[in-house]
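Protein sequences, first through last, are from chains R and U.
1 is the number of the first residue of the first sequence in my numbering; add one for each residue after it.
209 is the number of the first residue of the second sequence in my numbering; add one for each residue after it.
Source of the hints: derived by calculation from the structure; they are not laboratory data.
All values derive from a computational prediction rather than experimental measurement.
Treat the hints with care, since some could be wrong.
Dumping the calculated SDA-like pairs for lysine to any residue here, alpha-carbon to alpha-carbon at most 25 Å [claimed, not checked]:
no., chain 1, residue 1, chain 2, residue 2
1, R, 80, R, 17
2, R, 98, R, 193
3, U, 272, R, 95
4, U, 441, R, 119
5, U, 272, U, 657
6, R, 98, U, 348
Distance ranges between label pairs, derived from CB positions [as the list claims (entries may be wrong)]:
no., chain 1, residue 1, chain 2, residue 2, range
7, U, 727, R, 42, 48 to 56 Å
8, U, 727, R, 16, 44 to 52 Å
9, R, 111, U, 437, 49 to 57 Å
10, U, 369, R, 202, 55 to 63 Å
11, R, 57, U, 729, 55 to 63 Å
12, U, 425, R, 202, 47 to 55 Å
13, U, 723, R, 57, 37 to 45 Å
14, U, 264, R, 102, 41 to 49 Å
15, R, 31, U, 680, 40 to 48 Å
16, U, 273, R, 24, 44 to 52 Å
17, R, 107, U, 425, 44 to 52 Å
18, R, 57, U, 225, 49 to 57 Å
19, R, 9, U, 726, 56 to 64 Å
20, R, 61, U, 369, 42 to 50 Å
Glycine residues also receive a C-beta, built at the ideal position from the N, C-alpha and C atoms.
Residues per chain are reported as follows:
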Amino acid sequence: MDTRHEFGDLTHTYLPIAVAVVVVVLLLVVGFALRYRARPGRPAPSSRRSEAPRLEIAYVLALTAVAAFLLTRTFPVEGKVDRVVAHPGLEVHAIAGKWRWRFDYPAQHRSQVGTETAPTTLVVPTGATVRFTLTSVDVIHAMWIPGERIKRDAFPGRIATFDVVFGSPGFSRYGGECSEFCGLGHTDMRFSIRVLAPAQFRAWAGSR
Amino acid sequence: MSVAAVPTMLRRPPRLLGIVAGTDHKSLGLRMFVTAFGFFLGAGLLALIMRLELAAPGMQFTSKQGYDELFTIHGSTMFYLFATPAALALGVYLVPLQIGASSLAGARWALGGWWLTILGGIVMWSGFFTARGAADVGWYAFDPLSDSPHTPGVGMDFWIFGVILSALGAILVAACLLATVVRKRAPGMTMLRIPVFTWSMVVTVLMVLTAFPALVVAMGLLYAQRSLGGVLKVPGGPLTYQHLFWFYGHPVVYVVFFPFLGAVAEAIAIFSGRRFFGYPALVVSLLAFAAGSMSVWGHHMFTTGAISNRYFALTSTGLLIPAGVEYFDCLATMWRGVIRLRTPMLFALGFLAMFVIGGVTGIWVASPPLDYHETDSYFVVAHFHYTLFGGSVMGMFCAIYLWFPKVTGALLREGLGRVHFWLTVLGLNLTFFPMFFLGQDGMPRRVADYPSSMGWEGLNTLSTVGSDVVALSVLVFLVNVAVSLTVRRPAGPDPWGGHTLEWATDSPPPPRNFRALPPVRSYAPLLDLAEETPA
Numbered sequence: 001m002d003t004r005h006e007f008g009d010l011t012h013t014y015l016p017i018a019v020a021v022v023v024v025v026l027l028l029v030v031g032f033a034l035r036y037r038a039r040p041g042r043p044a045p046s047s048r049r050s051e052a053p054r055l056e057i058a059y060v061l062a063l064t065a066v067a068a069f070l071l072t073r074t075f076p077v078e079g080k081v082d083r084v085v086a087h088p089g090l091e092v093h094a095i096a097g098k099w100r101w102r103f104d105y106p107a108q109h110r111s112q113v114g115t116e117t118a119p120t121t122l123v124v125p126t127g128a129t130v131r132f133t134l135t136s137v138d139v140i141h142a143m144w145i146p147g148e149r150i151k152r153d154a155f156p157g158r159i160a161t162f163d164v165v166f167g168s169p170g171f172s173r174y175g176g177e178c179s180e181f182c183g184l185g186h187t188d189m190r191f192s193i194r195v196l197a198p199a200q201f202r203a204w205a206g207s208r
Numbered sequence: 209m210s211v212a213a214v215p216t217m218l219r220r221p222p223r224l225l226g227i228v229a230g231t232d233h234k235s236l237g238l239r240m241f242v243t244a245f246g247f248f249l250g251a252g253l254l255a256l257i258m259r260l261e262l263a264a265p266g267m268q269f270t271s272k273q274g275y276d277e278l279f280t281i282h283g284s285t286m287f288y289l290f291a292t293p294a295a296l297a298l299g300v301y302l303v304p305l306q307i308g309a310s311s312l313a314g315a316r317w318a319l320g321g322w323w324l325t326i327l328g329g330i331v332m333w334s335g336f337f338t339a340r341g342a343a344d345v346g347w348y349a350f351d352p353l354s355d356s357p358h359t360p361g362v363g364m365d366f367w368i369f370g371v372i373l374s375a376l377g378a379i380l381v382a383a384c385l386l387a388t389v390v391r392k393r394a395p396g397m398t399m400l401r402i403p404v405f406t407w408s409m410v411v412t413v414l415m416v417l418t419a420f421p422a423l424v425v426a427m428g429l430l431y432a433q434r435s436l437g438g439v440l441k442v443p444g445g446p447l448t449y450q451h452l453f454w455f456y457g458h459p460v461v462y463v464v465f466f467p468f469l470g471a472v473a474e475a476i477a478i479f480s481g482r483r484f485f486g487y488p489a490l491v492v493s494l495l496a497f498a499a500g501s502m503s504v505w506g507h508h509m510f511t512t513g514a515i516s517n518r519y520f521a522l523t524s525t526g527l528l529i530p531a532g533v534e535y536f537d538c539l540a541t542m543w544r545g546v547i548r549l550r551t552p553m554l555f556a557l558g559f560l561a562m563f564v565i566g567g568v569t570g571i572w573v574a575s576p577p578l579d580y581h582e583t584d585s586y587f588v589v590a591h592f593h594y595t596l597f598g599g600s601v602m603g604m605f606c607a608i609y610l611w612f613p614k615v616t617g618a619l620l621r622e623g624l625g626r627v628h629f630w631l632t633v634l635g636l637n638l639t640f641f642p643m644f645f646l647g648q649d650g651m652p653r654r655v656a657d658y659p660s661s662m663g664w665e666g667l668n669t670l671s672t673v674g675s676d677v678v679a680l681s682v683l684v685f686l687v688n689v690a691v692s693l694t695v696r697r698p699a700g701p702d703p704w705g706g707h708t709l710e711w712a713t714d715s716p717p718p719p720r721n722f723r724a725l726p727p728v729r730s731y732a733p734l735l736d737l738a739e740e741t742p743a
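Chain R extracted, bound-state conformation (with noise of 0.2 Å):
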């Protein structure tokens, strides 16, 4: 699943609209005290009315799809995104331990491991669907990959399953990091992402 692009449609949802509220707020609360700041002269209030329990009725109803309509377009989003597919192109074991990564390939009898000074680098190809299956040998920490906008939990003893397509090629440093609160050297748990075209790909994989 392309989580980017997934991301970046929602966003194109809520976006507009959580500008137009903090715009709309903020001009109605400066507006107001503008509008009706109390100067020599200026009488009492001219309304003493209190409520307006038909106006609050329709505006709670006005609310109410904002809300439904939000919902409606996160719900079918998070299914694509939550989506794990029958037959993925790549799979991925991904384990996290205090402060590391390692990313064994079964299928390719490939493990990626970084030492002290370089993280690991995980390697992928674009465009195939990858099946990374997560879990953490100690405490909990968590595989965040910000160009993708995908994150999920790395639980002892659990195994998360979640798909991601990876766009055009490149190299990332330090594009993955452990994003849970997981003890001292949390800071520097990283890793890179090397992701290469299909054809090159299959020639990392066949390299050893």
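Following the hints, position chain U against chain R.
Quick look at chain U alone, frame taken from chain R:
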């Protein structure tokens, strides 16, 4: 009341015994608030050190271990020792006055609650003096990281006991407040005539009484796991802990929000010269919020893959409905009012303008696919600081400027108040707005450092500068308090033209609060009187 009518003993400076063990709700509320504010200053200081460390890549001022202790004690102090006790302290001082009561129900229990909270604070902070330092696992201390193999040392145990003590303290105080509202209302003061602030306290204490026990249980299990083991077993244990913690951990953000919303609502009504608009709708929305707060905890666990994300997305997004009603009522109260922009009103308007940013980003992270990216990043740090600083702390300063004259009998200086307000607005936006972009760009929370290659230095420096502006604003406030208490400008019983009963008595109120009560025919009894007798 003339000063001579006050018994001589009460005019003497309070003696040590009175400070430690006095049960008058006004003195107790004030003492609770002052100690909570002390913790606010302490936790703020820790945040300043964190911001200094993050201003530039590389480790400059702290160690990674030290940094972990800083953010843990910062967050823990702000929630357990400052925000909750300060919110409840407002209630202890004001609720009996607003409902026309002479005292707090079960005042000695509330006094015990204050002692427990202070004790909890001392225990938690004394972790800094232990061999391995204070707790360093964040304010929610997830298991198994907080288990003894991963976090040995007595500082972590101190933290657990500190949290339990402060939670028990909050439960005691909340119970007294609820009993006060239920049992001590003045004649005519029906439940649908209690002031808006008191309603906000009612829903607050309902949340404390239902949610805080879950925290005590979670802490008890965590301590048992640390000392005995075999309690929070992998794989289910860590999830159970999260469920229990967040069942407390989400309602608590409303606990530390609603009393300040109530204060803001009072200020808006007073300084718009109008009866608060939509009282019944507000009461229903507050109750709906409190009920809803019990059903949204799972949105902290969207990325665990172990809960029903859609259910929690539904309940969390639904909270925009009562929140929208509260905004509507505040703005409708201002509509066609006669608005006086005194300092309490400035902070009330600042609250409305800043909290909305925290509110809409809250709806943002209530969407699971958006949260998959934002959670545990600086985006979330920005979001909740807009709610807790832009909302709660702004609202707290609104409450302070509003009721300081009532509590002390002296007015705060308007000029310094304005400087304080504008520095706060500037500082908080400089500090927290850049964090949205940092989080969006991939900066995780709770990191002591970041590689220079990430390009995050500029925004982080900006944020650090902002934190210094916030510190300056708080200094201006402290100067204002000192000046106003030294060279006093007498406030009189009702400096603002208040609507509720606390303004119908002396400032500060005498020992039993009232000599005579005006008739109570609505939630704004003093406004009723003013409207009946045109000037």
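Tell me, which hint numbers fail for this structure? The structure conflicts with hints 4, 7, 9, 11, 14, 15, although it agrees with all the remaining ones.
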